[in-house]
Amino acid sequence: MGWLSRKGLGHPRLVRTTDHWQFSVLRQINPRKFRRYLLQAFVLAAVIVCAFVLINTTHENLTRQGMTSGLDFLNRSVGWGIAFSIIKYSPSDPYTRVFLIGFINTILVGVMCIALSTTFGTLIGIARLSNNNLLRQLAKLYVDVFRNIPLVLQAIFWYSLLTHLPPPRSALSIFDVAVISNRGLIIPSLNLSGKAASIALMVCAASLLAGLALRKVVFPGGTKAISYGLFLAVPAVALTLMVTLGRTEPSLFSVPALHGLRFLGGITFGPEFVALVVAITIFSSAYIAEIVRSGFLAVGKGTLEAAGSLGLRPLVILKKIHIPLALRAILPPLGNQYVYVMKATTIGIAIGFTDLFMVSATAINQTGQVIEIMAIMMGSFFVINFTLTRIVNLVNAKFRLKGY
Amino acid sequence: MPGEAVSIQPVSFRSEPYRRITDYVANLFNSPLNSAISILVLAFLVWTVPPLVKWAFVDAVWTKENAELCRQPGAGACWAVIEARYRLILFGVYPADQHWRAALASLAIIASGAMSCIPAFWTVTRIVAVWVAGFVIYLALMFGGFGGLPHVSTTNWGGLALTLFVFASVILLGMPLSLLLAMARRSDMPVISIIAGAAIDVTRCFPLLTILFSAAVILPVALPDWLAGDKLYRVIAAFAFFFACYQAEIWRGGYQIIDKGQSEAASALGLGYWQREFLVLLPQVFRRMLPPTVNQFVITFKDTSLVSIVGFFDILASTNAAVGTGEWTGYYVEAYIFAGLIYFVFVFTLSQYGAFLERRRSF
Numbered sequence: 001m002g003w004l005s006r007k008g009l010g011h012p013r014l015v016r017t018t019d020h021w022q023f024s025v026l027r028q029i030n031p032r033k034f035r036r037y038l039l040q041a042f043v044l045a046a047v048i049v050c051a052f053v054l055i056n057t058t059h060e061n062l063t064r065q066g067m068t069s070g071l072d073f074l075n076r077s078v079g080w081g082i083a084f085s086i087i088k089y090s091p092s093d094p095y096t097r098v099f100l101i102g103f104i105n106t107i108l109v110g111v112m113c114i115a116l117s118t119t120f121g122t123l124i125g126i127a128r129l130s131n132n133n134l135l136r137q138l139a140k141l142y143v144d145v146f147r148n149i150p151l152v153l154q155a156i157f158w159y160s161l162l163t164h165l166p167p168p169r170s171a172l173s174i175f176d177v178a179v180i181s182n183r184g185l186i187i188p189s190l191n192l193s194g195k196a197a198s199i200a201l202m203v204c205a206a207s208l209l210a211g212l213a214l215r216k217v218v219f220p221g222g223t224k225a226i227s228y229g230l231f232l233a234v235p236a237v238a239l240t241l242m243v244t245l246g247r248t249e250p251s252l253f254s255v256p257a258l259h260g261l262r263f264l265g266g267i268t269f270g271p272e273f274v275a276l277v278v279a280i281t282i283f284s285s286a287y288i289a290e291i292v293r294s295g296f297l298a299v300g301k302g303t304l305e306a307a308g309s310l311g312l313r314p315l316v317i318l319k320k321i322h323i324p325l326a327l328r329a330i331l332p333p334l335g336n337q338y339v340y341v342m343k344a345t346t347i348g349i350a351i352g353f354t355d356l357f358m359v360s361a362t363a364i365n366q367t368g369q370v371i372e373i374m375a376i377m378m379g380s381f382f383v384i385n386f387t388l389t390r391i392v393n394l395v396n397a398k399f400r401l402k403g404y
Numbered sequence: 001m002p003g004e005a006v007s008i009q010p011v012s013f014r015s016e017p018y019r020r021i022t023d024y025v026a027n028l029f030n031s032p033l034n035s036a037i038s039i040l041v042l043a044f045l046v047w048t049v050p051p052l053v054k055w056a057f058v059d060a061v062w063t064k065e066n067a068e069l070c071r072q073p074g075a076g077a078c079w080a081v082i083e084a085r086y087r088l089i090l091f092g093v094y095p096a097d098q099h100w101r102a103a104l105a106s107l108a109i110i111a112s113g114a115m116s117c118i119p120a121f122w123t124v125t126r127i128v129a130v131w132v133a134g135f136v137i138y139l140a141l142m143f144g145g146f147g148g149l150p151h152v153s154t155t156n157w158g159g160l161a162l163t164l165f166v167f168a169s170v171i172l173l174g175m176p177l178s179l180l181l182a183m184a185r186r187s188d189m190p191v192i193s194i195i196a197g198a199a200i201d202v203t204r205c206f207p208l209l210t211i212l213f214s215a216a217v218i219l220p221v222a223l224p225d226w227l228a229g230d231k232l233y234r235v236i237a238a239f240a241f242f243f244a245c246y247q248a249e250i251w252r253g254g255y256q257i258i259d260k261g262q263s264e265a266a267s268a269l270g271l272g273y274w275q276r277e278f279l280v281l282l283p284q285v286f287r288r289m290l291p292p293t294v295n296q297f298v299i300t301f302k303d304t305s306l307v308s309i310v311g312f313f314d315i316l317a318s319t320n321a322a323v324g325t326g327e328w329t330g331y332y333v334e335a336y337i338f339a340g341l342i343y344f345v346f347v348f349t350l351s352q353y354g355a356f357l358e359r360r361r362s363f
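Heads up: the protein sequence lines correspond to chains A and B, in order. Sequential numbering from 1 applies to the first sequence in our numbering. Sequential numbering from 1 applies to the second sequence in our numbering.
Do not take every clue at face value.
To be verified - Computed list of lysine to aspartate or glutamate pairs in DMTMM-like fashion (alpha-carbon distance at most 20 Å, straight line):
hint, chain 1, residue 1, chain 2, residue 2
1, A, K140, A, E290
2, A, K140, B, E358
3, A, K320, A, E305
4, A, K33, B, E68
5, B, K231, B, E249
6, B, K260, B, E277
Hints in this document: simulated from the structure, not taken from any laboratory. Only a predicted model underlies this, so the values are computations on that prediction, with no experimental measurement involved.
Build the full structure now, drawing on both the sequences and the hints.
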């Protein structure tokens, strides 16, 4: 028997002289490897079969309901209104426009919340590290309260509070600049034509890029003055030009004023928008405060003491050693928090804010084009989060300690 | 030193408490900047706290017999709404005369959760026994249909009882799944590792709400009828998968901190794959990753409130209903504070437990 010799068992006399096993094809197969291939083939097959069943059932169900798949529905007119949009919209617009509005709204809320909660959260985080007992405990109270209550509950709470405010006729004024009522928040705006504003924005972006290029390519090192000058001067000139030439009204600022039962002038942010931004900002600030705090605590005491014993002054230590080292600990979790904020905008549906998710859910309800709309929505979120992660990783790589 | 008595002091992880009130006050004014900050903070507190206390306690209406006092001008918080509606908030639309069942069922889940926080229960058999017992009691009480208890279907479950059920099921289904995903991802078989990695990364790209929505609304179209099942189970399964994808990354982080020598030494001793994983690596991964895991539980508990958006009657939805219609419409602030307190008690306890585990790393 061949196996006896293979396993080294038994007396050599037991081995047959002609060992068929030696010439067998099966002998070439390593049983461990074979098992691995079999397992992988099985898993792959299972995944393919599942995907096939899902697609097939969906197709059958949709054809039974008389649905035609494809993206034709995108050109149909929508027929329902949208509460908040910064671009022009009417219910007769095609579905592409609705998805664009949802996309813009999601990014608008996300970016606003990221900017606000980074500022506010950093302040709270620093307050958490303060020597002052009262300030530190107040900051801890803030973090404990707002981090431990679900975001949706907070959003619904702020939304209820806003919609129960007095009507515009008896609106609350905030330092005579903005007004807040049950129709939302109205802040002053600039009387500028859209064209002037967009040209100025483009000039600013171009000057930033040009400044960066100057520093990196034309004068690498040593000429910060030129690039910083360009950074600041060109946008300043552009803004001045825009303000003087692109003005649409005699006065530059448009301040909200009561006319009859409603306010005219300024920009109005509806209660849904304000509640969502306030809720996400408050919630996310509590998280960012903890990120900032642990980032500063992560810098070794020895490093700071070493800097002190070298004779550096406290402010220099803070600027040159403490903050740069803390930033390295802060940036990765901060990036995750930004991605979280972008995803958290979806809870706007609980209070009726028309973000990408709500638009998609309503569109599915209206058209029944489940697969296409889900693909559009998931694809958009993928693009947003992927871009954000890439940016965070780039910034992260830039701040990483050289040589680590 | 030989002969010298060495006293071992317990290490305190908290900063030294201020023994006397004078120390505390002295700290507030020990430098010009500190004094300025203290004065500003005190001014803020004087501005906000007294009106808040007046509203919440002094002028508050506490019993529903005095409910008409709530409508008078200058009335404070109307806690009467809680007394009138707490059953709706806690148990949703569960039949009113059967509320004791929902209360006991919730207690069973809470007891299981509390027991799993005790290290004595951290063995596979004990933890499984605790949770199987908890779930059997919960399901038996909630469904009923035996011994004279009328049957109640899942559509009538609600409030805190439903929130706890969703949370516990998501964790229980998600934990084994997360281990499977983590092990698959770090497998040296390319097909398995790529499929697991893609599933985890793609799922993590999407907001939880879109995934719950897909499970509630879109899966019935995509699944064969015999597999679609109850909406509650579909949503819990999708939630559990989402949880598992995040938890799998925590396990992966745990695997990465463990020295490679551990795995190599185990192989050198002749241990096979499963022995290596379950006897050598995973026990270490579990211990190191316990604090982030508890943190993930905290996040998951808060995220259970999202099921209200896809149409379930959890605490959030039942609170909305409690002040949505009828005589109590104006008192939403009190009701939301109550709901927030319920969440706070659970989430804060859990997160303090996680912080406690983090402090005593040496268990």
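The hints, checked one at a time:
With a C-alpha separation of about 9 Å, the suggested pairing of A:K140 with A:E290 holds against the 20 Å cut-off. At roughly 18 Å between alpha-carbon atoms, A:K140 and B:E358 fall within 20 Å of each other, so this suggested pair holds. With a CA separation close to 14 Å, the supplied pair A:K320 and A:E305 stays within the 20 Å bound. Straight-line distance between C-alpha atoms of A:K33 and B:E68 comes to about 79 Å, which puts the hinted pair past the 20 Å bound.
For the hint pairing B:K231 with B:E249, the CA-to-CA distance comes to about 28 Å; that exceeds 20 Å, so the pair is violated. With a CA separation close to 13 Å, the supplied pair B:K260 and B:E277 stays within the 20 Å bound.
Hint violations for this structure: numbers 4, 5, all remaining hints satisfied.
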